[in-house]
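Going down the list, the sequences are from chains A and B.
Read left to right, the first sequence gives residues 1 to 426 (our numbering).
Read left to right, the second sequence gives residues 1 to 173 (our numbering).
Be a bit skeptical, because a hint or two may be false.
Said to hold, decoys possible - When the alpha-carbon atoms are kept at most 30 Å apart in a straight line, the in silico BS3-like pairs for lysine-lysine are as follows:
1) Lys228/A with Lys78/A
2) Lys80/A with Lys38/B
3) Lys184/A with Lys23/B
4) Lys38/B with Lys76/B
5) Lys92/B with Lys184/A
6) Lys228/A with Lys184/A
7) Lys78/A with Lys55/A
8) Lys191/A with Lys76/B
9) Lys221/A with Lys17/A
10) Lys159/A with Lys221/A
11) Lys92/B with Lys159/A
12) Lys92/B with Lys164/B
13) Lys78/A with Lys221/A
14) Lys38/B with Lys81/A
15) Lys360/A with Lys122/B
16) Lys17/A with Lys32/A
17) Lys191/A with Lys6/A
18) Lys32/A with Lys191/A
19) Lys38/B with Lys159/A
20) Lys184/A with Lys76/B
21) Lys184/A with Lys122/B
22) Lys23/B with Lys360/A
23) Lys78/A with Lys38/B
24) Lys191/A with Lys159/A
25) Lys184/A with Lys221/A
26) Lys38/B with Lys6/A
27) Lys38/B with Lys191/A
28) Lys171/B with Lys82/A
These aren't lab readings, by the way, just hints derived from the structure by calculation.
Listed below are the residues making up each chain.
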Amino acid sequence: MGYPHKPHSKETVVLSKHFGDPEARSYKGWTKRGGYEAWQQAQTMAPTAITDTVKESGLRGRGGAGFPTGLKWSFMPKEKKKPHYLCVNADESEPGTFKDREIMRWTPHALLEGTAIAMRAIQAEVAYIYIRGEFTEPYAIMERALAEANAAGAFGGLKIHLHRGAGAYICGEETALMNSIEGKRGNPRIKPPFPAAFGVFGLPTTINNVETLAAVPHILKNGAAWYKAMTLSNPKSTGTKLFSVCGHVQRPGNYEVTMGFPLKDLLYELCGGVRPGRTLKACIPGGSSVPILNREETESCLLDYEGAVEQGTMLGSGGVIVFDDTADMVYQIMRLARFYAHESCAQCTQCREGTAWTTKILERILAGQGKTADLDLLLDLSENMTGKTICVLSDSCAAPVVSGIKRFKNEFEDYIAGRRRPVMVA
Amino acid sequence: MSASTRPAHDAATEEYQPVFTGKALEQLRDILTRYPTKQGALLPALWLVQQQCGWISDRNMTEVAAVLGLTPAYVKGVVTFYTMYHQHPVGKNFVQVCTTSPCNICGAEDVVKALLEATGAKELGATSPDGSWTVIEVECLGACGFATPVLINDDFIESVSPEKVPELVRKYR
Ligand SMILES: Cc1cc2nc3c(=O)[nH]c(=O)nc-3n(C[C@H](O)[C@H](O)[C@H](O)COP(=O)(O)O)c2cc1C
Ligand code: FES
Chain A
1 MGYPHKPHSK ETVVLSKHFG DPEARSYKGW TKRGGYEAWQ QAQTMAPTAI TDTVKESGLR
61 GRGGAGFPTG LKWSFMPKEK KKPHYLCVNA DESEPGTFKD REIMRWTPHA LLEGTAIAMR
121 AIQAEVAYIY IRGEFTEPYA IMERALAEAN AAGAFGGLKI HLHRGAGAYI CGEETALMNS
181 IEGKRGNPRI KPPFPAAFGV FGLPTTINNV ETLAAVPHIL KNGAAWYKAM TLSNPKSTGT
241 KLFSVCGHVQ RPGNYEVTMG FPLKDLLYEL CGGVRPGRTL KACIPGGSSV PILNREETES
301 CLLDYEGAVE QGTMLGSGGV IVFDDTADMV YQIMRLARFY AHESCAQCTQ CREGTAWTTK
361 ILERILAGQG KTADLDLLLD LSENMTGKTI CVLSDSCAAP VVSGIKRFKN EFEDYIAGRR
421 RPVMVA
Chain B
1 MSASTRPAHD AATEEYQPVF TGKALEQLRD ILTRYPTKQG ALLPALWLVQ QQCGWISDRN
61 MTEVAAVLGL TPAYVKGVVT FYTMYHQHPV GKNFVQVCTT SPCNICGAED VVKALLEATG
121 AKELGATSPD GSWTVIEVEC LGACGFATPV LINDDFIESV SPEKVPELVR KYR
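Next comes chain A alone, as it looks inside the complex:
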């Protein structure tokens, strides 16, 4: 359901079925709703059979990269020589994204169940659920759910631990997250080696997003064919996905739709459109790290991995940010650049310097001191920030800048030419 709203008839409610129902939070409440049946089933299956089912379903990672989940699991060593680990990415810090929070708040056992099944598939005895430090309420709910499940002996010998982050967007990057669990600064690692060979504590590790794992019990229970059939456009994008919609819409919140659903319908029908008297100007459909779309592109975009690429953007995390005609795109792009400058781990020069200078140049433009050459300078900087660093935080800063200049150049030029009053002081 479109928490915090009533379910819309166009939603396909799977993951969000029990959002808003506090009784689903308890172990008893969850089992009453059919919870842990998939885990029972998984315990009778060979690990490879679980992985094959997930592969067959077409499930792709919901953390941003869209990597096929079953394939990722199959990278783990088949013959177990060392301990294996599972890391659960609940760092959710990508601006525009707030779906994992709702999964943990309302259906903590769905995540635990998916975690246990994944652990069996990759033969891990230990899992760490890395929850961002600011998520105090989801943490408390997860802690209670875990204690209840453990008291009921739900996971046998498997050990699931919660690990609280401490304020760092970069710890959502998979190898930074592993370093953070190890008690280190959250610096991403150079790959290879990849986590399946050298992950947390140097041991074979798989990392998955909260929403990815929450989908797994449904796949086991209803079958790969059922999941695979849920597609409205490209068969390479299957299942349902939670879209967190925020910004200038009448009903912000989480909406669950089948892959391939039109973005236009999500915004205008499910979310009630922009405020009365306003028009839609721009939309970032996959969290702040993906290119910005203009109105025409937004209205043509289909919400699956391929549909987003077709419009020149990416599906990312499914965090949909909506801007109406009152939004100052230059200011908001500066604000995003500042986010990346603040969150850069500062290991790579291109990122540390690039995010800071991008922010400074945008601030200069907003202070009425921009130069005509600044736009080319920003594009040049962005080019040097793309594909050159250990992780893609740097590329993520360039995405809104390059796409923003391309689509809303006139707004930048208005500041530079003095047609628009400065909104910042130099």
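Starting from the known structure of chain A, arrange chain B with the ligands on it as the hints suggest.
Just chain B with the ligands, lined up with the frame of chain A:
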């Protein structure tokens, strides 16, 4: 973590009160069982310190280092990486307001202004004269559909508007 009113124990004249005794030590022992290395317990150990002291002083870091077999410099390197660990005392009520773009377009900067006014903190990062309030701007709190989210100590409050601020502040007075 809820900031405590305990006085800063960093003054060289004051005797250092170790954190890891009694219950905190038990908690740490339990945490250590979750990780294959002692170092793995570093982030949770730092959270325990901050829960007890309200912030993390250099002497706390030295204690944590000794307990986990690390150097104080290493611990400091980790503390300074993560923005939620306080390296200085903060007000009794520590307020974090999201001002990243999605909240920004929904009026987050006005919420900040209202909070600075109502709490008497006046300036970002400064503590109000009575020591009760510190207000800071933070990046995305992962609740963008509930603009503007505000974190007061451990309480996560959704959909704060400037109009709701005075009432909210009164509750924590
Ligand atoms: C800078 C950065 C931040 C990221 N933050 C998150 C995050 O908060 N949550 C998440 O699930 N994935 C995040 N990712 C993606 C992860 O690195 C990883 O791809 C994902 O957790 C894998 O899980 P999945 O295959 O189930 O999607 C981030 C990546 C980068 C580069
Ligand atoms: S942008 Fe404010 S919570 Fe995400």
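Taking the hints in turn, this is what the structure says about them:
Our distance criterion of 30 Å between C-alpha atoms is met by Lys228/A and Lys78/A, whose separation comes to about 26 Å. Of the pairs offered as hints, the one joining Lys80/A and Lys38/B holds, with about 25 Å between alpha carbons and a cut-off of 30 Å not exceeded. Restraint check: the Cα-Cα separation between Lys184/A and Lys23/B comes to about 25 Å, which is no more than 30 Å; the hinted pair holds. Simply put, Lys38/B and Lys76/B have alpha-carbon atoms about 16 Å apart, close enough for the 30 Å limit, and the pair holds.
At most 30 Å may separate the alpha-carbon atoms for a hinted pair to count; Lys92/B and Lys184/A meet this at roughly 29 Å. Between Lys228/A and Lys184/A the alpha-carbon distance is near 40 Å, which puts this suggested pair outside the 30 Å criterion. Between the alpha carbons of Lys78/A and Lys55/A the distance comes to roughly 16 Å, so the proposed pair stays at or under 30 Å and holds. Under the criterion of a C-alpha separation no larger than 30 Å, the hint pairing Lys191/A with Lys76/B is consistent with the structure, at around 27 Å.
Of the supplied pair hints, the one linking Lys221/A and Lys17/A holds, its CA atoms being roughly 15 Å apart against a limit of 30 Å. Between Lys159/A and Lys221/A the CA atoms are separated by roughly 23 Å; this keeps the pair inside 30 Å, and the hint holds. Taking the CA atoms of Lys92/B and Lys159/A, the gap is about 37 Å. The hint is violated against a cut of 30 Å. Among the hinted pairs, Lys92/B with Lys164/B is consistent with the structure: their alpha-carbon atoms are about 21 Å apart, no more than 30 Å.
A hinted pair counts as satisfied when its Cα atoms are at most 30 Å apart, and Lys78/A with Lys221/A qualifies at roughly 24 Å. In summary, the hint linking Lys38/B to Lys81/A is supported, as the alpha carbons are separated by about 23 Å, within the 30 Å threshold. About 25 Å separates the Cα atoms of Lys360/A and Lys122/B, which keeps this hinted pair within 30 Å; it holds. Restraint check for Lys17/A and Lys32/A: satisfied, since their Cα atoms lie roughly 14 Å apart, inside the 30 Å limit.
Taking the CA atoms of Lys191/A and Lys6/A, the gap is near 44 Å; set against the 30 Å cutoff, the hint is violated. Of the pairs offered as hints, the one joining Lys32/A and Lys191/A is violated, with about 44 Å between alpha carbons and a cut-off of 30 Å exceeded. A C-alpha spacing of about 18 Å is found between Lys38/B and Lys159/A, which places the hinted pair at or below 30 Å, so the restraint holds. Among the hinted pairs, Lys184/A with Lys76/B is consistent with the structure: their alpha-carbon atoms are about 11 Å apart, no more than 30 Å.
Of the supplied pair hints, the one linking Lys184/A and Lys122/B is violated, its CA atoms being roughly 35 Å apart against a limit of 30 Å. For a cut-off of 30 Å, the pair hint linking Lys23/B to Lys360/A is broken: about 48 Å separates their Cα positions. Taking the CA atoms of Lys78/A and Lys38/B, the gap is about 29 Å. The hint holds against a cut of 30 Å. Under the criterion of a C-alpha separation no larger than 30 Å, the hint pairing Lys191/A with Lys159/A is consistent with the structure, at around 28 Å.
A distance of roughly 39 Å separates the Cα atoms of Lys184/A and Lys221/A; the hinted pair therefore is violated under the 30 Å criterion. A distance of roughly 47 Å separates the Cα atoms of Lys38/B and Lys6/A; the hinted pair therefore is violated under the 30 Å criterion. Among the hinted pairs, Lys38/B with Lys191/A is consistent with the structure: their alpha-carbon atoms are about 26 Å apart, no more than 30 Å. Between the alpha carbons of Lys171/B and Lys82/A the distance comes to roughly 53 Å, so the proposed pair goes past 30 Å and is violated.
In the structure shown, a violation is registered for the earlier hints numbered 6, 11, 17, 18, 21, 22, 25, 26, 28, in ascending order.
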